[in-house]
Amino acid sequence: MRRIQSLFKVRIARGITFVLITILIVGSLMPAKQIEPLAFSFSDKLIHALYYATLTFFWLLSTKKNSTQKHIQVGLSVFFLGFALEIMQDVLPIQREMDVLDVFANTVGISIAIATARFLGIR
0 MRRIQSLFKV
10 RIARGITFVL
20 ITILIVGSLM
30 PAKQIEPLAF
40 SFSDKLIHAL
50 YYATLTFFWL
60 LSTKKNSTQK
70 HIQVGLSVFF
80 LGFALEIMQD
90 VLPIQREMDV
100 LDVFANTVGI
110 SIAIATARFL
120 GIR
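Numbers 0 to 122, taken from numbering that gives the first Met the number 0, label the letters of the sequence shown in order.
Hints listed in this document are in silico derivations from the structure and should not be mistaken for laboratory results. Mixed in with the good hints, there may be bad ones.
[Claimed, not checked] Derived DSS-like pairs: lysine-lysine, alpha-carbon spacing no greater than 30 Å straight-line:
#1 K8 <-> K32
#2 K69 <-> K32
#3 K63 <-> K8
#4 K69 <-> K8
#5 K32 <-> K44
Here the structure is a predicted model, which means the values were calculated and not measured.
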């Protein structure tokens, strides 16, 4: 029974991870004119950090293998996904541009998620 519950949790986490990745890609590549301006100047960076922390945490939960190597692989995967999206914002004709501070905020979020997972014993 415990194994079934564990498998169920992994599947739910995978579903949530898939939804988060889809929202991330669509939101990151949406034309600038379709995005509402944010309330304060660094709210964009806070949103980046929180979103990437959430994505990384659920991605960690969605894997069966438990190891430090898993944390590194997931962290790098999320980082490179975010980096690729930033480059695409600069290259595609969507009136958006790459922001190094967004990449930094993403990295902070990824690091927070990995540290939280390690603290909670999610290996």
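Pairwise hint evaluation, K8 against K69, where the allowed Cα distance is 30 Å at most
Roughly 18 Å between the alpha carbons, so the hint for K69 and K8 holds.
Is the hinted pair K8 and K32 satisfied, with a Cα-Cα distance of at most 30 Å?
violated, 38 Å
Are the Cα atoms of K63 and K8 separated by 30 Å or less?
Roughly 10 Å separates the two Cα atoms, so the pair holds.
Hinted pair, alpha-carbon criterion (30 Å max): K69, K32. Please report holds or violated.
violated, 38 Å
Run the distance test for K32 versus K44: straight-line Cα separation, threshold 30 Å.
This hinted pair holds, its Cα atoms lying about 19 Å apart.
Checked against the numbered hints listed earlier, the structure breaks hints 1 and 2; every other hint is satisfied.
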